[in-house]
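The whole structure should be built from the sequences, with the hints applied where relevant.
If you read the protein sequences in the order shown, they are chains A and B. Read left to right, the first sequence gives residues 1 to 118 (this note's numbering). Read left to right, the second sequence gives residues 1 to 118 (this note's numbering).
Read the hints as simulated data drawn from the structure, not as lab findings. It is possible that some hints are incorrect.
Identical chains share a label here; the pair holds if one copy fits it or two copies do between them.
[What the hints assert, rightly or not] Lysine-lysine pairs mimicking PhoX-like chemistry, simulated, CA-CA at most 25 Å apart:
#	residue 1	residue 2
1	LYS16	LYS105
2	LYS49	LYS12
3	LYS64	LYS12
4	LYS64	LYS16
5	LYS12	LYS105
6	LYS49	LYS21
Protein chains: 2
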Amino acid sequence: MDDGIAKTLNLKPHWKLWLEKDGVYVFGPGAYDLLRAIHETGSLTAGAKKIGMSYRYAWGVINKIEKIIGMRIIDTFRGGAVGGGGARITDVGLYLIERFAEVNKEFERIALNEEDDS
Amino acid sequence: MDDGIAKTLNLKPHWKLWLEKDGVYVFGPGAYDLLRAIHETGSLTAGAKKIGMSYRYAWGVINKIEKIIGMRIIDTFRGGAVGGGGARITDVGLYLIERFAEVNKEFERIALNEEDDS
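Right under this line is the structure:
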């Protein structure tokens with residue numbers, strides 16, 4: 001009977017994932033998108049723009065995470081030959097991106113397998 | 001290096017899970033808690049009270065889900081010998097409870113395994 005209900009309802013699991021440290025929210029989808037965009041563009045300005053986030057808000061996101069974990073997640077620098085400066089994701093920032101993506105991917109695998117069963 | 005970062009940060013995955021039908025939110029943690037409480041108490045009034053939800057709000061939660069999926073998730077009845085009436089979770093309601101719990105349990109398994117790896 002559950003099979004009939006499952007097929008009729010055809011429900012899909014959705015979720016919001018985030019990472020906490022000692023019960024405090026540290027890193028969610030917004031920060032993930034921002035860090036990835038900074039990583040791809042090599043700049044906080046360009047990265048924030050790419051995902052439709054203001055420069056000021058993006059700095060707030062980065063600062064809040066760095067304050068909670070007590071480590072830098074991006075390094076900013078003033079540009080050399082081409083000017084304009086840029087931003088580089090630190091190893092800690094890369095770890096956050098990878099950890100978040102990994103858990104999310106596992107969740108996606110569960111959600112898909114689960115549909116096959118129903 | 002990731003091992004050192006992982007140990008220092010000691011981040012735990014957290015999530016909110018919900019079920020959608022054709023892109024529409026159907027069933028999340030609040031409805032899950034409510035249905036379980038109704039199932040345990042055999043009454044909408046007692047179930048809502050148990051999780052600190054008003055009777056009116058609880059009815060709204062139930063009605064909204066039933067409207068979206070086009071099926072009943074609880075049956076209510078006027079009480080017999082002992083009076084007072086009650087509510088019984090339908091097979092569709094039981095399916096929602098079980099499906100939600102099952103995915104959530106798999107997510108918990110992922111989150112725990114993942115910590116062991118890090």
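- Task: Check each numbered hint against the structure and report the violated ones by number, ascending.
- Result: Result: hints 2 and 6 break, sorted rising.
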